[in-house]
Each structure stands twice: as C-alpha cells, then as structure tokens.
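If you read the protein sequences in the order shown, they are chains D and R.
Under the working numbering, the residue at position 31 of the first sequence is numbered 31, and the numbers go up by one with no gaps.
Under the working numbering, the residue at position 160 of the second sequence is numbered 1160, and the numbers go up by one with no gaps.
Worth flagging that the hints you see were computed from the coordinates, not collected in a lab.
Any given hint could turn out to be false.
Claimed, not checked - For the chain D half of the interface with chain R, some residues (derived, Cβ under 8 Å), not all of them: (1) W76; (2) A107; (3) Y111; (4) Q120; (5) F122; (6) I132; (7) F134; (8) S135; (9) I143; (10) P160; (11) F278; (12) M288.
A quick note: this is a predicted structure, and the numbers were derived from the prediction, not measured.
For glycine and all other residues, C-beta sits at the position ideal for the given N, C-alpha and C.
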Amino acid sequence: MSNANELARYGSQKRNKTLGNFFIYLFLTLGALIMVIPLIWMFFSSLKTPGQFLTTQLSLKMPSNPQWGNYTKRVWEMDPKLQRGILNSIIISFSTIIVGTFVSSLAAFAYAKLRFPGKQKFFLAELATMMIPFSIIMIPQFIIYARIGWLNTWAPLIIPGMLGNVSMIFFLKQYMSGLPTSMIESARIDGAGYFKIYWSIILPNAKPAIAAQAILWFMGAWNDYFAPSIYLNDPNKLTIQVMISQLNAMYAIQTDYPLLLTASVLAMLPVLIIFMIFQKQIIASVAMTGLK
Amino acid sequence: MKNKIINKKRKLDDEAKAGLLFILPPIIGFLLFTAGPFLFSIFASFTSWDSMTDLTGLFKMDEIDREFFYIGFDNYKELFSDGDFWRSLWNTLIYMIGIPIGMVWAFGLALSFNKKLPGVKVYRVIYYIPVVSSIVAVSLLWKWLYNGDYGLLNQFIEWAFGVKGPNWLDNAYTVKPAIMIMCVWRGVGNTALLYLGGLQNLPQSYYEAAVIDGANGWTIFRKITWPLMQPISFFIIITGIIGGAQMIVEPQIMTPSGGPDYSSATIVFYIWQKAFGSADAKGYACAAAWVLAIIIFVVTAIQFKISPSSDNYLE
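Same shape as in the complex, but just chain R (with noise of 0.2 Å):
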C-alpha cells in the first residue's frame, strides 16, 4: 500500500507538480477558514458553546459538564420558540420586496442605456455611484435623511404637502420600507448593468428577421428581449436572494437595536447579536445560521429547478 502511494507520487510530472503548488494556497485557505469552520459550525449547533468554552477542556470533561455542553437539538427547540428569531426571519422577507422593484426599474434603465444616445454613458456612471459608495456612510447618511425633525425627506414633505411625515426608522410600520427603498436606491444601478450586460449580448439577427416579419415594438419586447433575459433575471433573482438573505449593515448602522419592537432587525443581525452581543450564546447562533443556511440552500435549489431557462444560464 505504502508502495502504491510512492509510486503515484513518483508519476506526477513537473506539470502536474507545479499545478499542485500553485493551488496550494487557496487550497489551504479553503480548509482553514472555510471548511474547517464549516464543519464546526454543525457541531457547534449543537452544543451550548459561549467564549467561556475552552477547546482544549472538551476532551477532559466529566458526566455533568458534558450533559450541560451537549444540549442535542434545544438550541433549535429554543430558536423556534424565540418571537424575535420568527420576526428577523419575516424581516429578512419582506425586505426582499425590493429585489423585484429594483430588477423591474433597473430594465427600464437598462432598456434606455442600450439606446444609442448622446450622453447616454454619463447615466451609467451616475447610477453606479451609490453601488460603490461605503456602505457605512451611506447608511449614516440616510438616517439623516429620514430623521423625523430634521431630514430631508420630512422637510420636503412638509414643503410640499404641509403635513408632518412620520419618524421613518423610530416607527413599526415605515422602517422596513425606508430602509429597504434604501437598498434599492444603492442597488439599481448594479442591477441596471447586468441587464444592460445582456442586452448588449442579445443576437442582432433575431431583430432584423424581426423587423422584416413587420413586428412592432411591443411584439419584438415581448417575443425576444424578454424571454431572451430571462437568464440574466434568473441570475440577479439568485444572487439577490443569497445577498437579500444576508443583510446586516444598513439596520445595523440605522438602527442599532434593531428597531422598534424588533421590526427592523434582519436574520443575520439576530445571529449578530446573539453571538456576539450580551448573550454570548456562540452555539445557539451557529443553530441560528443553519436555519438561515437552509433557508438559502431549499430556495436557491427549488429556482434552478423551477426555472425553465437554468440549463440555458448553466452552459
């Protein structure tokens, strides 16, 4: 057996040799800041882990502290009784509210990028401007422009209508909107660009065959372009699922505790704060991350099936 092994390794030619070692360092990134703590977090869900837990104790444990460690399944008996976990998780929903309005708005723009018009290039800069700008400052910035006394928007409101607007993140009902109008307002113009990507991309031949069939525009729009994007949405839908899915920042930054009666806070804030705020329960947060992780996995899995066009993006 040892022999084999030699021998197999005496085989592998200088190619095979240098290909190896130039893989080697994203190989080991790999198993150690990402398989490894993969793994460990399954095992982690498990147990009622806080940064008290030493690692080098696990082994030398006696009967009671391992029955107090072990806890089997009631991280996630407790996570599923918990009202906040269920809130952060309809949250997370219905922020994603967003994906569609963003996707729909940035066709349109991609639609009128893709016309050929004077200073149509300068468009694409401007709305790529919020995509690039610091997550931070742009949520502080927001927050300002949502204070109920000062902002911006209340004082336009007031300008223009001379009614009083609410106190958008201080209040149940407006924070998830405000916020979320927020992301789609920095998002757009990403979105607009992957349209635009495909747009651009679209087989010329299958307009003109159009054109001389004598199709109208709408007909063109609605027999061609569309369905020839449907990849491209079925793209931006995944991604802005598996990103929706796992916002943090901008609640985090506009509203700390997670808004009023918990009505801003995402599922990810809720693992956030479990883990590494006062409860310090780092084994309930990892249970908490599995049933988001689940979530991603059932749903990104049940759209490449359901999506008539996923074998046409997969080539």
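Bound-form chain D, shown alone (with noise of 0.2 Å):
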C-alpha cells in the first residue's frame, strides 16, 4: 500500500518537475527578452537612416540597408571628437586603476598581515567612508578644487583614486587574510624585506582577487558619468560618458537619431566586451559580495 503510494508520489513528482522546470525556463526567457530587446532595438537602430528610424521604430531586425558608415565614418565626424572622449577615458582609468590597485593591495596587505600601531582605527576609519553619501563631500571637494586649480582638469579623477580604493582594500584584505602566515615567517626569516614580502609572495598568491577587483573599477571608471560632468567643461577633456550625453543634447536638434544612438553603443562597448571575457570572474566576484 505505502510502496504504490510511494510510486505515485514519485511519478506525479517527475511530471510536476518537467512541468515546474518548463515554467522555469518560461520565467528566465520572458525577463531575458525583457532585458535584452530594447539594447537590440539600440544596436538595429543605430543601422538605420534619420528617415527609416522615424517610421520603423517597432521592428526588431536588421535594416534593409544597414548604415555601417554609421560605424566606420559618421560617428568619428562628430563634434566634440567622440575618438577624443574615448582616449580621454581610457588615459584616466587606465593611470587611476594601475596605480590605485598597486597602492590598495600593499594596503591591504599591511591590513592584512603586518602588526603596526593604531591599526584597528586607521582600517574603520577608511571603512566609514563607504557610509558616507558622495552628494556631502561634493561641494567641498569642488571648492577644494577650484582652490588649487584642478577643474576643468584630469585630477579630481585621477589623483583620488590613486590614493588607494576604499572597498578595493576591504576586499583584498578579506582575501590576503586567507593567505597562510608562515608563507611571511619563512621569508622573513630568510632576511626578506616586507615590500620584497608583499611583491614576491603576495602579489602572486592574490593575483586572481587583486583581477577581480581591478576590473569591476574598470567598469565602474569607464561608466561613471556624474564626478566628471561635474569637474570637466573643456569639449577637449571630457570623458567619453560626458561626451555622449552632451552630443545628444546638441545633435537631437539635427534629428540624426541613429548617429546618436551609435555613439552611445560605442560608449558600452568597451565594458560589454571586458564582462563578456571575464564574466565567470566577475559573477563569481559579485555573487559572493553579500556574504562578506
């Protein structure tokens, strides 16, 4: 009697697993139209001329005639110089990130390993600037700014940085705290220096984390918009986000949409593009940010 039961049971369970595992995928694929439909209009539109992007705004397919001199010659025309911004992005979170992540790992790794007074209250003292909202230090940071003569330059985003990233080293702290002691002891007493320590041993054993990190900066820099338009007006000197959302306040006056909507794909590329290679790193990275 339970055996049959037993055996129903199992049977329905089957059935209902099929049926549970079809709405599943039911569930994952209508969010994942809803996800992805509107940057596919973005990419298809941005094909079109200014005339097909007014009247075929509902089709979802490749134009007729695809305007790849969109691409390759249009949206280089533009003015300000679209290849000026991206140059300009790639200087500054290339030299902010390099430095920064060099300087936030030795951090990290004082943090992490070495005994020195006052340790504890420097380390929740840099902890407590993560709880601090930007829009407070913003004014007083411009008017610093101004004093000393870095607006309308490069280094209110890079010098910051440099510096040395607050959750940059709260993460590799976590993570160096995991490397075995006795690596150092034995180095140490084989009459190695601590910096010696930090490039030879830690540096390496770090590698994948310090990666990690360094990267998910990357796509935060490149894609930050709000510090530069504040600190940034010279068309020569913006960042490749300020450029695009001022272009489109220029140009939609000229209609030329698609131009526009070109400029703003080549802006998401170079992330769309670093997150497709490291994508593993980077959702393994993330997912773990809430367990900390």
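Could you fit the two chains together into a complex? Lean on the hints.
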C-alpha cells in the first residue's frame, strides 16, 4: 500500500518536475527578452537612416540597408570628437586603476598581515568612508579643487583614486587574511624585506582577487558620469560618458538619432567586451559580495 | 613629553614602520578628500557660501560681511520651507518602491539560477548585461523607448491595444514609475546574483534532513531557504536604500529640468542643481546634503536595530 503510494508520488513528482522546469525556462526567457530587447533595438536603430528610424520604430530586425557608415565614418566626424572622449576615458581609467590597484593591494597587505600601532582605528576610519554619501563631500571637494586649480583638469578624477580605493582595500584584506602567515614568516627568516614579501609572495598569490577587483573598478570608472560631469567642461577633456550626454543635447535638434545611438553603443562596448571575457570571474565575485 | 614621543617612535620596529608606510597613501587620501571635506561641509552648511566666496578672505571680514556670511540655521529654515525640496524628497522615496519589486523578481531569478538546468548560466550573463551597461547610454536609450510619439513602448501599445500611450517622461503621473521601471530593469541582475551567492552558500545538510523528515517544497522554502536568506535581503535593502537615496544620473539625463512640476527630481538632483546650477548656493546645498545624510544614517541605524538577523550578518 505504502509502496504503491510512494510510486504514485514519485511519478507525479517527476511529471511536476518537467512542468516546473518548463515554467522556470518560461520565466527566465520572458525576463531575458525584457533585458535584451532595448539593447537589440538600440543596435539595429543605430544602423538606420534618420528617416527609417522614425518610420520603423517597432521593427526588431536588421534594417534592409544597414548604415555601417555610421560606425566606420560618420560617428567619428561628430563634434566634439568621440575618439577624443574614448582616448580620455582610457587614459583616466587606466592610470587611476594601475596605480590605485598597486596602492590598495599594498595597504590591504599591511592591514591583513602586518602589526602596527593604530591598525584597527585606521581601518575603521577608512571603512567609515563608504558610509558617507558623496553629495555631502562633493561640494567642499569642488571648492577645494577650484582653490588648487584642479577644475577642468583630470586631477580630481585621477589623484584621489591613485591614493587607493576603500572597497578594494576591504575585499583584498579579507582575501589576504586567508593566505597562510607561515609563508611570510619563513620569508622573514630568509631576510626578505616587507615590500619584497608583498611583491614576490602576496601579489602572486592574490592575483585572481586583485584582477577581479581591478576589472570591477574599470567598469565603474568607465561608466562614471556624475563626477566628471561636475569637474570637466572643456570639450577636449571630456570623458566618453559626459561626451555622449552632451552630443545628445547638441545633435538631437538635427534629428540624427541613429548617429547618437551609434555613439551610445560605442560608449557601452568596451565594458561589455570586458564583461563577456571575464564574466565567470565577475559573476563569482559579485555573488560573494553579499556574504562578506 | 617630547622625550616620550621620541622614545615611542624609536620603539616602532621594522614591521610597524612598513605597515604604516604601506597604509599612508590611502590615509592621506582619506584625510584630504573625505574627512576634510566632510568636516568642512558642516561648517559650510551654516554659511551663505557661493563661488564668489574667497577662502583667504574669511579671516579678514568686517562686521557686516561676517553677519551676512555666518547665517546660523537660515539655510535649514529656508530648505524646510522650499516646496521643491520636499517634492524631491518625496520623489526619492517613491523611486524606492523599486527596491522590493526588484528583490522579489531577483529572488525568483536566483532560485531558477540555482537549479542545475542546462543553459542556465547563459541567462545569468544576459541578466547582468544591463548592470554593466553605461548608465548614460542606458538612460538615453530608455528616454527614446518612452518617447510619446515615436517610442518603442507607445508604438507597441498602439499596435497591441489600439490606444495611444501617454508621453511617459512629460507627464507628472507617469514619469516616476517610468524611471523606476528602468532602474529595476538595470538592477535586477545584480540583486539576483547576490541572492544566488546566498543560495549556493546554504548548508546542504539542512535540506537533506528536511527531505528525510518528509517536508514538502513549500515548507522547505518557508522554513529553511527564506529565513536563511534574511541576511542577504537585509544587505540588499541597506545598500538599496543608501544607493537609492543618492540616485541622480537617471533623472538628470532623462528629464534635465527635473520633470513636469519637479516630479522626477531626486534629492541629490536638488542638491546638485542648487550647488552647481544658476542658484550657485553652495552653503545652502551643503545644508540639504546634511539633511539627506542624517536621513540615511537614521534609516540605516533603525534597520540595524530592528533586523533580527543583523547579528548574523555582522559576523
């Protein structure tokens, strides 16, 4: 009796499972369509002529005569120059992140493995920075930058980042605390200095964590809009994000919307490519943030 | 006294010296770019600071200038009597309805992601694409989708239901939901990953024990999965509120003037407009920023107090 019941239950469970999986896929697919349709629409629209764009809004397919010239030629002839904005963003983000990652990982090593007076206090003070809303400090910062002649230069975007990134220090400290201290002790006995220990032991061992943090930082820096929009106004110094927002204000009057969408696609592309290459590491490290 | 300090310094061994040296750059950054401005903004919020104010002139002011400059709580009084300030606070609060909506959707996604089904990893990537997409490009894109005459949304509504949709961003009733939907769209993939991290971290033995005890799926969910996910939900709510309270770029790009009747402006939009717009009221904007900061601190503190799982999370 109970055996038959079990069997019946097993059968219905199996049927339920197939049905359940179907609904899971349906739920995931409908949502995924909502995620990608705007982006697909954006890409196809960027390949249209302005006239086509206004008459074929609803179509989600490749236009019959794709205007690849938007990408190869016309978008590079806009004013201010898009290529200038891309170059500026590359210079700003790379210089900040290369130096900032070095500085942050060195500090994380000190917090994780070295003994020095005031360690806890310094670390807590830095952690407190993450709690302070940017809008509180942005106005005094602006006044300071104006005072020391940093307005309309890249210094406010680069220098503070080069002095370290709090969330990176925090994550790397957690990671480095997990590395065995015995490695450091034996290196000390061999007479290695602390910087040498950082360079030849800690850095190679923490490489994956450092790389993941640097990539996340790059994506944030590339997409940053608010701070650069406050500090920069010389068209030649704008970052790509500030530039596409200004181009929109200027070119919208000419109703050449496909060209503006082309510029937007190009502004998104570098981060999307990096995300696609490193998606495994990025997704793994984001999934861990809630667990810290 | 002086001797003592020197003695103390001498006591620092190599390790302490190296440690202090290694943390020096972030500490300098902290003092110059965070702690300094933080303290300065308290002071500035009680003054009539604008871009004409000269820092070096502060100590040479005569009586009249001084009275004009140090205005006590006037900024705060003016702030609380400004309708736009209250409107922007209210708008910010309304946008936060998106947080629970996004959480429910994201939790469903995370449960699906956690099933070992073929192809599910591809979906994780797809849902994360809007998260890494440039916020400016995405806001410009959605501005188009919401366009009253040509936008994809209204064209679709007309094609499907034969009615004309509203001009989403030019209508005081629809602009907030419109921007909120975009924010949910952009954030759900990230929240889902946070939940997924939690689900993957759940102790498997609980489930085995529950199955042996004959618990059904719903009971397992209600008694094990949901309670154990509380710390993650708490983390998402806290970061969601801190982030949501500081939202600005979306309304700034989609509705540059703050929307019809200031109906889409957030509190940071208000601060930004007062500080860097034609008003040029930097001291006043500092006061507004402090009101926002106090709200954030209080809300966060209350949540840490009432959350039963906060000890768990803090471990």
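Cross-check of the supplied hints:
Violation of the interface hint for W76 of chain D is found here, the shortest Cβ-Cβ separation to chain R being roughly 18 Å, above the 8 Å cut-off. A least Cβ separation of about 5 Å between A107 of chain D and chain R falls short of the 8 Å threshold, and the interface hint therefore holds. Proximity of Y111 of chain D to chain R holds as hinted, the smallest CB-CB distance being about 7 Å (cut-off 8 Å). The interface hint given for Q120 of chain D is violated, since its Cβ lies 12 Å from the closest Cβ of chain R, which is over the 8 Å cut-off.
Taking 8 Å as the C-beta contact cut-off toward chain R, the hint placing F122 of chain D at the interface holds, the least distance being around 6 Å. Checking I132 of chain D against chain R: minimum C-beta separation of about 6 Å stays under 8 Å; hint holds. At about 6 Å, the closest approach between the beta carbon of F134 of chain D and any beta carbon in chain R falls short of 8 Å, and the interface hint on this residue holds. Given the 8 Å rule on beta carbons, the hint for S135 of chain D holds: about 4 Å separates it from the nearest Cβ of chain R.
The beta carbon of I143 of chain D is positioned within 8 Å of a beta carbon in chain R (closest approach about 7 Å), and the interface hint is therefore held. Hint on P160 of chain D holds. Least Cβ distance to chain R is approximately 5 Å, under the 8 Å limit. A hinted interface residue such as F278 of chain D counts as satisfied when its beta carbon comes closer than 8 Å to some beta carbon of chain R; here the least separation is about 10 Å, so the hint is violated. With its C-beta approaching chain R no nearer than about 6 Å, M288 of chain D sits inside the 8 Å limit, and its interface hint holds.
Violation of the numbered hints given earlier is confined to hints 1, 4, 11; the remaining hints are satisfied by the structure.
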